[in-house]
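Please work from the sequences and hints to get the whole structure.
These are the residues of each chain, in order.
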Amino acid sequence: MREVYLKLLQYVTAVASFFLLATHLVLLHLDDILRVLGVEAGDMTAWSSVSERAASAGWLAFYIVFLAVALYHGLYGLRGIVSELSLPPGAIRMLNWVLVIIGIALFAYAVYIPISAY
Amino acid sequence: MTTQKRREWGIEKLCFRVQRYDPDRDRAPYLEKFIIPFHHGMTVLDGLLYIKENIDSTLTFRASCRMSICGSCGMLINGLPRLACHTPIEELRKETLEIRSLPNFPVIKDLVADLVPLFEKHSSIKPYIMRPDNEEVETPTAEFLQSPKELEDYLQFAYCTKCGICMAACPTVATDRLFLGPEPLAQAYRYCADNRDANTGERIKEVDSPHGVWLCHLAGACSQACPKGVDPALAVQLLKRTVVSRSLGLSRERKPAPLAPPPAEIKPKLPVPEFTAKQSKT
Amino acid sequence: MKVPKRSREPLANYQGLKGWVWPRHYRLERYLYTLQRITGLGLLLYAALHLAMNGFRLGGEATWTSLMATFDNPVIMALEYLVLAAFVIHAINGARLLLQQLGFLMGHPKPPVYPYVDSLQKKRSIVLGMVALMVALLAIIFIDFLV
Numbered sequence: 001m002r003e004v005y006l007k008l009l010q011y012v013t014a015v016a017s018f019f020l021l022a023t024h025l026v027l028l029h030l031d032d033i034l035r036v037l038g039v040e041a042g043d044m045t046a047w048s049s050v051s052e053r054a055a056s057a058g059w060l061a062f063y064i065v066f067l068a069v070a071l072y073h074g075l076y077g078l079r080g081i082v083s084e085l086s087l088p089p090g091a092i093r094m095l096n097w098v099l100v101i102i103g104i105a106l107f108a109y110a111v112y113i114p115i116s117a118y
Numbered sequence: 001m002t003t004q005k006r007r008e009w010g011i012e013k014l015c016f017r018v019q020r021y022d023p024d025r026d027r028a029p030y031l032e033k034f035i036i037p038f039h040h041g042m043t044v045l046d047g048l049l050y051i052k053e054n055i056d057s058t059l060t061f062r063a064s065c066r067m068s069i070c071g072s073c074g075m076l077i078n079g080l081p082r083l084a085c086h087t088p089i090e091e092l093r094k095e096t097l098e099i100r101s102l103p104n105f106p107v108i109k110d111l112v113a114d115l116v117p118l119f120e121k122h123s124s125i126k127p128y129i130m131r132p133d134n135e136e137v138e139t140p141t142a143e144f145l146q147s148p149k150e151l152e153d154y155l156q157f158a159y160c161t162k163c164g165i166c167m168a169a170c171p172t173v174a175t176d177r178l179f180l181g182p183e184p185l186a187q188a189y190r191y192c193a194d195n196r197d198a199n200t201g202e203r204i205k206e207v208d209s210p211h212g213v214w215l216c217h218l219a220g221a222c223s224q225a226c227p228k229g230v231d232p233a234l235a236v237q238l239l240k241r242t243v244v245s246r247s248l249g250l251s252r253e254r255k256p257a258p259l260a261p262p263p264a265e266i267k268p269k270l271p272v273p274e275f276t277a278k279q280s281k282t
Numbered sequence: 001m002k003v004p005k006r007s008r009e010p011l012a013n014y015q016g017l018k019g020w021v022w023p024r025h026y027r028l029e030r031y032l033y034t035l036q037r038i039t040g041l042g043l044l045l046y047a048a049l050h051l052a053m054n055g056f057r058l059g060g061e062a063t064w065t066s067l068m069a070t071f072d073n074p075v076i077m078a079l080e081y082l083v084l085a086a087f088v089i090h091a092i093n094g095a096r097l098l099l100q101q102l103g104f105l106m107g108h109p110k111p112p113v114y115p116y117v118d119s120l121q122k123k124r125s126i127v128l129g130m131v132a133l134m135v136a137l138l139a140i141i142f143i144d145f146l147v
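Protein chains in written order, with my numbering: chain A, 1 to 118; chain B, 1 to 282; chain C, 1 to 147.
To be clear, the hints were calculated from the coordinates, so they are not data collected in a lab. Each residue gets a CB set at the ideal place from its N, CA and C atoms; glycine is no exception. Certain hints may be false.
Said to hold, decoys possible - In silico contact screen, one side only, chain A against chain C (beta carbon under 10 Å); selected entries:
1. 29
2. 32
3. 33
4. 45
5. 47
6. 51
7. 68
8. 74
9. 78
10. 85
11. 88
12. 109
13. 112
14. 116
Claimed, not checked - Pair ranges (Cβ atoms, derived):
15. A:104 with C:53: 15 to 23 Å
16. A:81 with B:120: 46 to 54 Å
17. A:23 with B:27: 55 to 63 Å
18. A:28 with B:128: 55 to 63 Å
19. B:35 with C:25: 21 to 29 Å
20. B:177 with A:101: 26 to 34 Å
21. A:36 with B:177: 16 to 24 Å
And the structure:
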């Protein structure tokens, strides 16, 4: 795939993961700010809350999309950093495949958890 | 700077710590100290020339025009890549100067860097006008039409002197030897933006590669270091925009600038008497 | 281009990783470049740990609750704050980079007149505004963590 399309996908996943990660972080960590905004989220890490989200199709879709965009964005960034280290050409090709395999494996593992709980 | 201000600085002598490296003798570069007299208006190049003429004639460095137009004397001066002829010592306000060869280029000897990698990358982006009527470029019969606005689209980037200072400043060039670098990418945009050229597509193939334009992360060091105000960072980002718009089909190869038509009429010269030495004596 | 054969190869003089992490004399954008790399790698590392931690959910309520109890200490809270800080810095700087790398917020080419002012200098106010936003958000999140 041409580099420009990979880079454009990086930009698209950047915007998407900004909104998705911001939602995720605010809900899970910034409960005082949410309270000021009138949202009572409670303890989002408690088992009851986790189970409630596990049973929701909306949250399942959220996590699947979030995982896909965040994994692509992060692993493409890592690829960029490692490819700047003057590796031999064969190593760069292997790096690409290794990152694809790691990405697919992490995605499969990470979506299995919410899907199995759904 | 006035005489009074020079007296205020109170400097009589300078210490130049200069990189030395003789490939026949040394395993690695080292710094050699030279004490030289200071005078008002002195540049780093003046100091190096003094050392070569009065202290050590074996000191090797490149210099030519001494007026920052040729780009030969690029060096690392007190941690920043600069032109030695364009760096007044009073601006640095330091009595000790550390001068090394340009980083990110191999060292041939002392302060002389091997710029062949730069020239090879520069050649790879096809830095010349390419158009369907190439024979007109080779043997011109008339000028190409270009408005002042069209000239302004690329003129800034045409001031590049290929000194290599931007490449020395770039953090990506520091690790990736295959990365094209700010100068070739800026020159690629210079030709893409030139309305006389009609082959942006071929250059895009070269710059849209694993070690091409997408390894620029806008650190901005190249534009800060450039001694001619070329602003290669701006050119690279505009090149990215060109690549994206072309790839998404938002723009197409434009028609190149047409030839200027022959003049519609030629006004005859005014009848002025012919003055010759013979006639003026009469 | 035909290069004449040399009797001795020039000595390599690449800065290497020092060129990434040692911006000493350069300006704000060079430091932000280094920060973007560090926060990106930090977030990626955190993401990997986080995904591994999520696997404990498969162990049931008791496993999950005991894991959450181990995270309830000041060191973990400080690390969580760092993750949030890394997100704020990476996201806001990333938004600026996305726009500038597509040619927006960069201005137009102009024939240079000495003293030269490059496009990043001209648009410095945007970057400073972005840094101010980062600092404000980091302060708000810090207060949320403290309270």
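| Can we keep the residue 112 (chain A) interface hint, with Cβ of chain C closer than 10 Å? | holds (9 Å)
| request: May I ask you to test the hint 15 to 23 Å on the CB atoms belonging to residue 104 (chain A) and residue 53 (chain C)? | output: With Cβ atoms ~20 Å apart, the hint holds.
| message | Less than 10 Å between beta-carbons is the criterion; does residue 109 (chain A) satisfy it with respect to chain C? | response | Status holds, d = 7 Å.
| Holds or violated: residue 47 (chain A) as interface residue toward chain C, Cβ cutoff 10 Å? | holds (5 Å)
| task | Evaluate the given range 26 to 34 Å for the C-beta pair formed by residue 177 (chain B) and residue 101 (chain A). | result | The hint (26 to 34 Å, Cβ to Cβ) holds, given that residue 177 (chain B) and residue 101 (chain A) are roughly 27 Å apart.
| task | Identify whether the interface hint at residue 116 (chain A) stands, where standing means a beta carbon of chain C within less than 10 Å of its own. | result | With a closest approach of 7 Å, the residue 116 (chain A) hint holds.
| Would the stated hint for residue 29 (chain A) survive a check requiring a Cβ distance to chain C of less than 10 Å? | Nearest chain C Cβ about 6 Å off; hint holds.
| said: Tell me if the interface restraint on residue 51 (chain A) is satisfied: Cβ within less than 10 Å of some Cβ in chain C. | reply: Holds. Min distance 8 Å.
| request: With a cut-off of 10 Å on the beta carbons, see whether residue 85 (chain A) makes it to chain C. | output: holds (8 Å)
| message | A range of 55 to 63 Å was offered for this pair. Does it hold for the Cβ distance of residue 28 (chain A) and residue 128 (chain B)? | response | holds (57 Å)
| residue 81 (chain A) paired with residue 120 (chain B), Cβ distance criterion 46 to 54 Å | violated (25 Å)
| Close enough to count: is the Cβ of residue 33 (chain A) nearer than 10 Å to one in chain C? | holds (5 Å)
Comparing the model with each earlier hint shows violations of hints 7, 11, 16 and 21; every other hint is respected.
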